[in-house]
Amino acid sequence: MSNHSDSAYEFAVHHGEEEGKKVRKRIWLIFWVLLGITTVEVTLGLIWKSLSANPDAIWGMVKWTFIILTLFKAFYIVFDYMHLGHERRNLKWTILAPYIIFVLYLTFICLNEALAIRDFDFMWWNS
Amino acid sequence: MGHQTESLDTEKIWGGGESPFGISYGKMMMWFFLISDALTFSGFLVSYGFFRHRFSDIWPVAENVFTHFPFMHGHHPLLYVALMTFILIMSSVTMVLAVEAGHRMKRKSVILWLGLTIIGGLIFVGSQAWEWYHFIHGTAEGALQMADGSIAHMFGDFTLALSDGTSIAAAEAGEYFGHSHIGHHHAHIVGITGEASVHLPQALRAMGNGLALGSEEVQQFILTGDAAKEAIMSGNIIQGANLEMNEYGVPLFADFFFFITGFHGTHVFSGVVINFVIFVNVIMNTYEKRGHYEMVEKVGLYWHFVDLVWVFVFTFFYLV
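So the sequences go chain by chain: L and Z. 0 is the number of the first residue of the first sequence in numbering that gives the first Met the number 0; add one for each residue after it. 0 is the number of the first residue of the second sequence in numbering that gives the first Met the number 0; add one for each residue after it.
No wet-lab data here; the hints were simulated from the structure. Even for Gly, the Cβ is constructed at its ideal location relative to N, Cα and C. Incorrect hints may have been included.
Here are the simulated BS3-like pairs of lysine-lysine, each with C-alpha atoms no more than 27 Å apart in a straight line [unchecked claim]:
#1 Z:297 / L:21
#2 L:24 / Z:105
#3 L:91 / Z:11
#4 L:20 / Z:105
#5 L:20 / Z:107
#6 Z:107 / L:21
A few chain L positions that, by computed beta-carbon distances, are all more than 12 Å from chain Z [claimed, not checked]:
#7 50
#8 51
#9 52
#10 53
#11 56
Just chain Z, same shape as in the assembly (with noise of 0.2 Å):
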């Protein structure tokens, strides 16, 4: 790792015949294509920053969307990105000791690091898919959504008809259960008995639902009585998310999720792959023959860049 205390001067290395970055072609350019890589990255998230910010008062909490746990029931937030978390950064160390055992020309333990790091890497992509089919799905009574696309919460003790001819019945507690097997799909309220109460978001004081409310009902941000089953009656119940719903709160939060980690996700993906060549490349000599494993140092780069950007989407999208 001490290659550094020569001193440096600025005409000879800009001179010519010098790299003046001191680092090979091949790691340069790597680490140039991180860099825009992170610009993109950046963007994305400065983009759901921005968006997040603006509709700060219905943006959904992570903690409330992501809850389940593998074998686990009930309510586990955060436990199981932590350890999606704790797999990419084990995956790191592993790579990073490939690479060590490539200064020290061990093939053997280059060998065992980097095959390590590649079932990692799969066993986080694996992970990846299981939280989204968990987010796709939804929960099992869906949620009601109002025309501008945000979701409401009811309660009460009432009983829904839906367009599908299930129903929904709803505890006297307050939360309602349903039965419903809609599928991820939507599903219109036909009618409604019993007594019902919706707590609106607040973004609906924008009346983009086209309900007729009192001041003082806009104000507490909750209908009683008949302007409660008006608005239920305008809304639809829907359940999980894609692109255009989402029954955990504004179908943004849904694109967002979708767009960052899926794009984060590829990068996991191709860098397995990546990772896989080289394995391969490594099991058959070649950088023995080659006298280096610089090869095994630049997938690292990436390697590395990909647990980075985790770290970041890991505080931005669950944390914060």
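Bound-form chain L, shown alone (with noise of 0.2 Å):
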């Protein structure tokens, strides 16, 4: 064992007023972010029927939307207010590579599996 303390990393991290200032400054505007952002998805989701005369036609646009929107806002919240943005390399792979791969993955096949049964349901009555 090595007689390094590992007390040299994150607990180190007091910073002064100045800094604390700037630091505050970025927490308030992340703040407006989340609220624009929260703000528009739900006056989209009031107005969006009344955007065409064929709503279903833009369904999926409006859909798109808001799963952007959401991830942007996910974002702001993991790599700012949880500090990930700032952590090492590694430690952000480590936390994100599994989503990325594995939740994507079970997402597509999953969606993909329950339109499939829906159809094959559908025709199965129907015959």
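Grab the two chains, each in its own frame, and use the hints to assemble them into the complex.
In structure tokens, the structure reads:
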């Protein structure tokens, strides 16, 4: 064992008043971003049906807008509020890789299968 | 925030005597816990997505389910859940401000911001209880549930006699009005007078209801005359939602609602308890003596995670 203590890492992140001001400014900036995105989402949720004469045609686009905005929010929460953006690259990938690889795949395969099963049952009932 | 520009020598950081991730043991374990917890939530949301796509033709639209707002009458889709989202985002901000104050060793600021975080969490849990209450109790008039569990819409000018001795009269305009105080149970329909029509959900093509329907009626999903009466008599009037029935649509929707928001609400509640423990420690000077406020940072990670999960629940349950 080395005599190295891990207190050299994160316990030492004390900062002064000057640095604190900058940090707080960023915290509030991100708050406004999160609030703004949520407001856009809710507004879109309330009005999207009146945006087009044929709402069904634009639903796919609206849905992807919601999902992309959600990912933006998630990014800001994880990278700034949870500080992951400032951690070492190896920690970032340890945390993010399971989701990028596994959860995206699981989502794809489950939704795809659900639609296939739905269509199969539908044919079976009507045959 | 910035201690990042060091260049990393892989051999050195994995060679022992170092924290390869450059963070303390406690924070790393919190991250590992969050990784596994997030996988649980991913599993919940993906299975929700599976059944929602499988039953896409009869899945209820959340907008039509959660329409109440305290002290306001009428139809207010999305507003209440938007407010809940705002409360949780706000409490995430106060949490990160508490962490920041900890970095400056400002005990009083930590107490202020952590205290506000706890209050925000309690308001959120209370809001969720309010929403559950309304979902469980349902609408005043209830809905017609068919034998396969699906919900059908009745319209016309008719009166239903129920097994509990009460009756439901429909207005000519189409929507039927109930008086009913079924009290979130279901009631059998014992009689029907007048002219009624029924709009069946598409899933009834499955014929799971034992109705003898002509192919034309099945194609249009709208029954009239005796076929409508037969269909109505084969169903029950239900009110509200629980794990077995749901007046707003397929029971699975209610199951997922209770499980996902319930599991998330449990996390919020645990977060409030953990935050409170740390809050007491801050007041008792524990972290001043220790020389750092890392514990606040660790519970902060957990708290932001709870907020993060809600961001996804909000989108996939209420918006999409």
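Each hint tested on the structure:
| no. | hint | result |
| --- | --- | --- |
| 1 | Z:297 / L:21 | holds (22 Å) |
| 2 | L:24 / Z:105 | holds (17 Å) |
| 3 | L:91 / Z:11 | holds (19 Å) |
| 4 | L:20 / Z:105 | holds (13 Å) |
| 5 | L:20 / Z:107 | holds (17 Å) |
| 6 | Z:107 / L:21 | holds (20 Å) |
| 7 | 50 | holds (15 Å) |
| 8 | 51 | holds (17 Å) |
| 9 | 52 | holds (20 Å) |
| 10 | 53 | holds (17 Å) |
| 11 | 56 | holds (17 Å) |
Checked against the numbered hints above, the structure violates none of them.
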